[in-house]
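**Q** Listed below, chain by chain, are the residues.
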Amino acid sequence: MVTVRRSALAQPCDGKLFPEPGEVLSYGSDLRQRRDLRSPRPLGELRSCARGIQRRRGFLSALSGQRCSMTQSVIVQVGQCGNQIGCCFWDLALREHAAVNQAVLIDMEEGVVNEILQGPLRDVFDSKQLITDISGSGNNWAVGHKVFGSRYQEEILEKLRKSAEHCDCLQCFFVIHSMGGGTGSGLGTYLLKVLEDEFPEVYRFVTSVYPSGEDDVITSPYNSILAMKELNEHADCVLPIDNQSLFDIISKIDLVVNSGKLGTTIKPKSLVTSSAGTFKKWQEKPFDAMNNIVANLLLSLTSSARFEGSLNMDLNEISMNLVPFPQLHYLVSSLTPLYTLADVNVPPRRLDQMFSDAFSKDHQLIRADPKHSLYLACALMVRGNVQISDLRRNIERLKPSLQFVSWNQEGWKTSLCSVPPVGHSHSLLALANNTCVKPTFVELRERFLRLYKKKAHLHHYLQIEGMEESCFTEAESSLSALIREYNQLDATKSMPVEDLPRLSVAV
Amino acid sequence: VIVQNYNSILTLSHLYRSSDALLVHENDAVHKICAKLTNIKQISFSDINQVLAHQLGSVFQPTYSAEGSFHYRRNPLGDLMENLVPHPEFKMLGVRNIPQMSENSLAYSTFTWAGLLKHLRQMLISNAKMEEGIDWQIRPPLPGLPSLSKMSLNKELHFNTSIANLLILRGKDVHSADLEGFKDPALYTSWLEPVNAFNVWRTQRAFSKYEKSAALVSNSQFLVKPLDMIVGKAWNMFASKAYVHQYTKFGIEEEDFLDSFALLEQVVASYCTL
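So the protein lines, in turn, are chains A and B. The opening position of the first sequence corresponds to residue 1 in full-length UniProt numbering, with each subsequent residue numbered one higher. The opening position of the second sequence corresponds to residue 1 in full-length UniProt numbering, with each subsequent residue numbered one higher.
Heads up, some of the hints might be wrong.
Per the computed footprint, the stretches of chain B lying under chain A, defined by three or more beta-carbons under 8 angstroms from a beta-carbon of chain A, are [said to hold, decoys possible]: (1) 41-52; (2) 231-238; (3) 259-271.
Where chain A lies over chain B, by a calculated footprint (3+ residues, C-beta under 8 angstroms) [claimed, not checked]: (4) 1-7; (5) 243-254.
Note that these hints are calculated values from the structure, not bench results. Cβ atoms here follow ideal geometry from the backbone N, Cα and C, with glycine treated the same way.
Please build the complete structure, drawing on both the sequences and the hints.
**A** Set out below in structure tokens:
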């Protein structure tokens, strides 16, 4: 597997990477019934494989010394988009600290993966964990899903099993892909089924890049809707992202950077789009800045599991608290701040501004306006020097301008991680389960129907074994059902909140 | 945590069945104590935990076993149970401390047992969690009223009826403290005499930085309102079936939820009718 050379390790920012003498390693989480509880390892033993996320729980210290509980994730990068984002992620992760997670890279076209292998990140990925083919999926979901899915299932499973074996306590799989293409969309969603069957108790988080209005792939509506059905059924949590929003955010940042306001200088490392300080010295490609934003999102998501904090949050807690009904697992995300001005002292006003920005539609990573739609639940993951009272104060302040569903008026999930991202003193990731995702889905369905009515390009799909027209109609009805759910919730928006009659007991 | 109400009702109901007593703390109350009394602007969890630790310490630090004796109490937990949980239906215990103040203010204050106990008593009957902002209007109802009207009168007055109280005094001149205020039958239910309902532990050893300090562990109606609110919120959520699939995934069925609701509604009702 991947060998981590001692000299290559940078100093961790905070938190301990390896156990101290006297610490007993124990395996947390009884969810992993399939995993045998191994006896505690000898201390200080440096395992030759990459060690994953590590977290300390101090509350058992009175009894038997400090206990360590490690939770790990496996990243699965599929397709061109997935792999490019994934690489940004690893770059930034290494910048944050030296822990390396397990990764499986999959692309049906060698180009992107080969580049990775020749680049500075080649030591991070073991070539044995890659799966490539030469021809590519031709932007065809059916090819990605049915053809490559069945062809590579065994190989993929083997790599996944290997990665999972190296984790003491595997908590979730992150799948990164795009919806509009062939490999990421088709094979990526095929993998979800595989992961569900093979590792039923490990959570499946999917970061999906949705096609924008101006899309270079004509068949992207077909690919997307076929992928949506799989996401509906086999993902635990989906973080939809669209390129247009990412682009808008970059434009906004560029505006500030280039406006050269007097007395304001932006710390280059703090740009959410920057790869400054990373190993990547490639020429900045157009998508690089955008991918960095998504990579930052993933970093913040996992930060609570990687560093210490007074109110840590596991990834399974995200699913638990933000998904009230199994089908409604689409979370709108926003990251603030986008940059840090070079002020040394950050007054509380700035901190509050960070919270306000998280709810503005300009900061969302998908075209959505959560403030004017209905919240089912909201998670705030704060990093840096922020205390619980700051959190409370801001929630109280912002609550009146937000609408929460009647049975979840206090639907806030919060976490505090003490280590901020590089270049910032604090940051915030907001995840919202909000009906504002609905327009994205409605638009998707409309674009699909426009194409489908004309039967355009359909033969490319139908000629693949296993594909029939019913695949399309089923996918459409799955999406329609989802949209109906959101509509039903929206209908309750302006209804008064009533207390339901309680159980009566005899006294 | 969004599903905190579900978790609370499931936890409390299971604990209620399997434990002898429950010592319950409320984060909001502790947060207020931190804010008002210790004057911290940015309250962290470690500040909150310090207050909680102080409360626990004030109860469980050693005390003398009997009046005048110099042996320490051997079985504080057992004694606590005996004193405070006369009936298995009523297991909710809460702690109140006095004084609670910052190091700076301490230097300028002196305390008398009379003053401390007067405040503590009023904190008990008005269900206040701290000294500041005690409602002195709340009074125990006059004796001699028939029990039914006494109950409704108590509700109106927001008077906190106790089943039992344990007072723990630490510090200088501890034996000179006058405890009559706590022996008033009006504070208690009709089915337990003050002589059985009220107990006191003492030690001359001061606790923490306070020359004199008192802790009151009570089995009273203090948790009725907060518990009622939690059950209400959890019920609303349950009625919409929200998040229930997350629990059924792991074997907790809707039946289990209903059992928990039923048990806690019973607890609330029982405490209400004291």
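**Q** Against the earlier hints, flag every one the structure doesn't satisfy and list their numbers going up.
**A** none
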